[in-house]
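Protein chains in written order, with my numbering: chain C, 83 to 509; chain X, 83 to 509.
Treat the hints with care, as some may be off.
Straight line, CA to CA, 25 Å or less: simulated DSS-like cross-link-like pairs of lysine-lysine [to be verified]:
{"no.": "1", "chain 1": "C", "residue 1": "K241", "chain 2": "X", "residue 2": "K500"}
{"no.": "2", "chain 1": "X", "residue 1": "K220", "chain 2": "C", "residue 2": "K220"}
{"no.": "3", "chain 1": "X", "residue 1": "K241", "chain 2": "C", "residue 2": "K500"}
{"no.": "4", "chain 1": "X", "residue 1": "K453", "chain 2": "X", "residue 2": "K463"}
{"no.": "5", "chain 1": "X", "residue 1": "K220", "chain 2": "C", "residue 2": "K226"}
{"no.": "6", "chain 1": "C", "residue 1": "K190", "chain 2": "C", "residue 2": "K119"}
{"no.": "7", "chain 1": "C", "residue 1": "K251", "chain 2": "C", "residue 2": "K118"}
{"no.": "8", "chain 1": "C", "residue 1": "K349", "chain 2": "C", "residue 2": "K373"}
{"no.": "9", "chain 1": "X", "residue 1": "K226", "chain 2": "C", "residue 2": "K220"}
{"no.": "10", "chain 1": "C", "residue 1": "K310", "chain 2": "X", "residue 2": "K310"}
{"no.": "11", "chain 1": "C", "residue 1": "K220", "chain 2": "C", "residue 2": "K347"}
Chain C residues, not near chain X, derived (Cβ > 10 Å throughout) [stated by the list, open to error]:
{"no.": "12", "residue": "N252"}
{"no.": "13", "residue": "A314"}
{"no.": "14", "residue": "E365"}
{"no.": "15", "residue": "M414"}
{"no.": "16", "residue": "S433"}
{"no.": "17", "residue": "K456"}
{"no.": "18", "residue": "R466"}
Simulated from the structure, these hints should not be mistaken for lab results.
Model, not experiment: these values are computed from the prediction.
Yeah, the Cβ is synthetic: ideal placement off N, Cα and C, and Gly gets one too.
There are 2 protein chains.
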Amino acid sequence: MEDLFGGIIRENTSVLAAFSGGPDSVYLLYLLKEYKKHCPFDLKAAHLHHGLRETADRDMAFAKDICNRWDVPLIVERADVLAYARENKLGTEEAGRELRYDFFRRNKAPSGLIALAHHLDDQVETMLLRLIRGTGLKGMEGMKVLEGDLFRPLLAMTKEEILSALAEKNIPYVVDETNLEPTYSRNRVRLSIVPEAEAINPAFRRAMASFRTMAEEDESYLAREAEKIYEALGAEEKGIVTLASDVFRAPDALRRRAFRLAVEKVKGHVKNMGYDHIAAIDELEQAQTGKGLDLPGLRVEKTYGGIAFFVPEEEGPSEGEAALNEGRAEFMGHRFYLGEGDDFIYVKDPSAVVIRTRRPGDVIRLKVGHKKVKDVFIDAKIDRRRRDRWPIVTEAGEVVWVVGLRKAERQEEKSWQKLAWIPLNEM
Amino acid sequence: MEDLFGGIIRENTSVLAAFSGGPDSVYLLYLLKEYKKHCPFDLKAAHLHHGLRETADRDMAFAKDICNRWDVPLIVERADVLAYARENKLGTEEAGRELRYDFFRRNKAPSGLIALAHHLDDQVETMLLRLIRGTGLKGMEGMKVLEGDLFRPLLAMTKEEILSALAEKNIPYVVDETNLEPTYSRNRVRLSIVPEAEAINPAFRRAMASFRTMAEEDESYLAREAEKIYEALGAEEKGIVTLASDVFRAPDALRRRAFRLAVEKVKGHVKNMGYDHIAAIDELEQAQTGKGLDLPGLRVEKTYGGIAFFVPEEEGPSEGEAALNEGRAEFMGHRFYLGEGDDFIYVKDPSAVVIRTRRPGDVIRLKVGHKKVKDVFIDAKIDRRRRDRWPIVTEAGEVVWVVGLRKAERQEEKSWQKLAWIPLNEM
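Only chain C is shown next, with the shape it has when bound in the complex:
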């Protein structure tokens, strides 16, 4: 266990173990309480009663029983995942996760860790999802063993290994009732893609684990080198970040990362910035001083001695807007595309479609008259924080879909195309 916990859990560490009662979390808690014999640290378990099925009571009773037997203090709380999911228009898996993490963070020690039982099978799914949705080397680092206050000691073990360790030691667990409906995408990866890959290579998950280790080694070196370049060539003043033009002499791998660091400095994040956006900045090397480039929520301009990154005042595509590009758009963690899907509307002219967040005065057409979008949100009990990020589809300036809540009444014609929506809100 030294190799699982050593260097991370010390005598003064506080650990709150997420404890559903399912096999993964039981095995994690077992290892933690065993490790405590060698290295006394502060260990508590935390169980959220999801209020979901009849089995939730059974799971809670089981959690209490095990913690009692193992002499681990247990914190229990009740939540109504279904109601929270309904209120916030979330999938039950996502709702469950939000409530769990909130519960854990409220109950852990200020500088303590939350121990999570994610294993290699989860890791492989996460890596594949990122690869499929679009990522770079950084995304292929997957989940980290230590990530902020989250600690995942079991990441290198497969589910199968966990189950056989439990069987060998004769440790009881409940069947994973807390695995709420996985999202559409994760389900496809778990039930179709991983088994297909294992039919090609029975050691597929191990191969992904090695790939991940190499990705982490490579990315951490590249990130360090890029930071050196940023520190040597970057300057920040009044919300404007400039990079001296020597940045164009850096190798592609480092220049691209230095651009990302500049974007992150200006905007606080690099969401919505794909490879093509970052690569487009290179065109400024040959541009005249004062010429520039509009990226989502960002302007990049050629200056006398380099390039400047800043948030534009008014002009340029706002971050609160996305148009379809090749029939597709991503917006605030949602994907829209022309084609088949579970949820969709018909649009007449895809090139006139803009997806954005709410604006004062927004209305949506009913059979007779209009309704304020604000009232649509109020009826659905969407809180203010969520309203600011809620996607609204407009066509030719008219609100046609408050996504997931209300579609405009329009005379659709045969020639119109389906615009489908998938939520991407998933860890």
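Since the structure of chain C is provided, determine the placement of chain X on it from the hints.
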């Protein structure tokens, strides 16, 4: 077309275009003959009559007709793919590829290029196959536009884009009859994994293309930096490569690549060297002088001032042998594993299984008596070159399977386990 061919095809370049008559190769030849109007270069097409189906005659006639119309000299040759596949125990796809490449190389100009019509769909399949089988960043560079004498100008286009370009320009083609049976693994990727991934992200192939570009940028920088380290710290003498111990101070990403460069220098290749093998070399940092590590076909030893890489005389696991590790082994481009598969034998004790190439005196048990393995090869018309790489499964020292050719007659018992085999010989 400047962006497809510019910088690679010049006035003095000789290009031999692989030309099956299928849509991809027709579009490639079309672009090449159009480009010739701007930049006169030496263009020939090459068509191999596979002798496989009735349609092969039709394809050949079509190829001749198009080349005649487009005024491109055409080289045609006939081959018997089925016979070659049978003789060499290859799949028809692999046999077809071997014969085609041999044909192209015999007919291209000495310093000329072979233009191939691989497109983004092929590229995505290749990347996924490598990821599934186990690879690092280098493998995720995928196929390169220019790789030795192979030139693949269409790698950034999807099959769909090629088909619509052909439709738009009203260019005829034959239906891809030369797409011989794809291998088991590629078929699974093409028919199951890619469609599942596209159900999650309709822009999946574009996402893979961006990932590939980034992988190439990152890998080329890392490879250059590792070469600098190798040049600064490496020395070669009498087949022994040494790296000074400063190599242990290099970042993981570069040290691991410097080790690979040393292995490649000593052995001529880095096949059979997985991440774990390379990472194990790190343990030598703390070892006593003279202590060492046996890797497949390689010995690495701590010396006074660093580490030495060399091919061992006799000791250590020979490259011609593989034992099962966690129920699996890879050997000379073949994979063996305990479990279900199309082709398999029963083994009594997996830990006694060794897979190796032929040795003088090898015999295999028949119902009555034995047969020389040499005669098994002769009967199957396997040439000497292939015999040296042919996998032979032994259990407790006895030859039990000349893979694909002959199994030993043994009294199998219920408790015995299936050892399955998949060939990995695929580009």
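Each hint tested on the structure:
Proximity of K241(C) to K500(X) is assessed by CA-CA distance (about 24 Å); at most 25 Å being required, the pair is judged to hold. Our distance criterion of 25 Å between C-alpha atoms is met by K220(X) and K220(C), whose separation comes to about 15 Å. Pair hint K241(X) plus K500(C) holds up; C-alpha atoms about 24 Å apart against a cutoff of 25 Å. At roughly 16 Å between alpha-carbon atoms, K453(X) and K463(X) fall within 25 Å of each other, so this suggested pair holds.
At roughly 22 Å between alpha-carbon atoms, K220(X) and K226(C) fall within 25 Å of each other, so this suggested pair holds. Restraint check: the Cα-Cα separation between K190(C) and K119(C) comes to about 21 Å, which is no more than 25 Å; the hinted pair holds. A threshold of 25 Å between alpha carbons decides the hint, and for K251(C) with K118(C) the separation of about 18 Å falls inside it, so the pair holds. Annotation: proposed proximity of K349(C) to K373(C) holds, straight-line Cα distance about 21 Å (limit 25 Å).
For the hint pairing K226(X) with K220(C), the CA-to-CA distance comes to about 22 Å; that is within 25 Å, so the pair holds. Under the criterion of a C-alpha separation no larger than 25 Å, the hint pairing K310(C) with K310(X) is consistent with the structure, at around 19 Å. Restraint check: the Cα-Cα separation between K220(C) and K347(C) comes to about 18 Å, which is no more than 25 Å; the hinted pair holds. Against the 10 Å criterion, N252(C) stays outside the reach of chain X, whose nearest CB is about 24 Å from its own CB.
At roughly 17 Å from the closest C-beta of chain X, the C-beta of A314(C) stays outside 10 Å, upholding its exclusion from the interface. The non-interface label for E365(C) is consistent with chain X: the shortest C-beta to C-beta separation is roughly 15 Å, beyond 10 Å. The claim that M414(C) lies off the interface holds: its Cβ sits roughly 17 Å from the closest Cβ of chain X, which is beyond the 10 Å cut-off. The beta carbon of S433(C) sits about 18 Å from the closest Cβ of chain X, which is more than 10 Å, so the claim that it is off the interface holds.
Every beta carbon of chain X lies more than 10 Å from that of K456(C), the smallest distance being close to 33 Å; the non-interface claim holds. For R466(C), the non-interface assignment is confirmed: its Cβ lies about 31 Å from the closest Cβ of chain X, beyond the 10 Å cut-off.
Of the numbered hints listed earlier, not one is contradicted by the structure.
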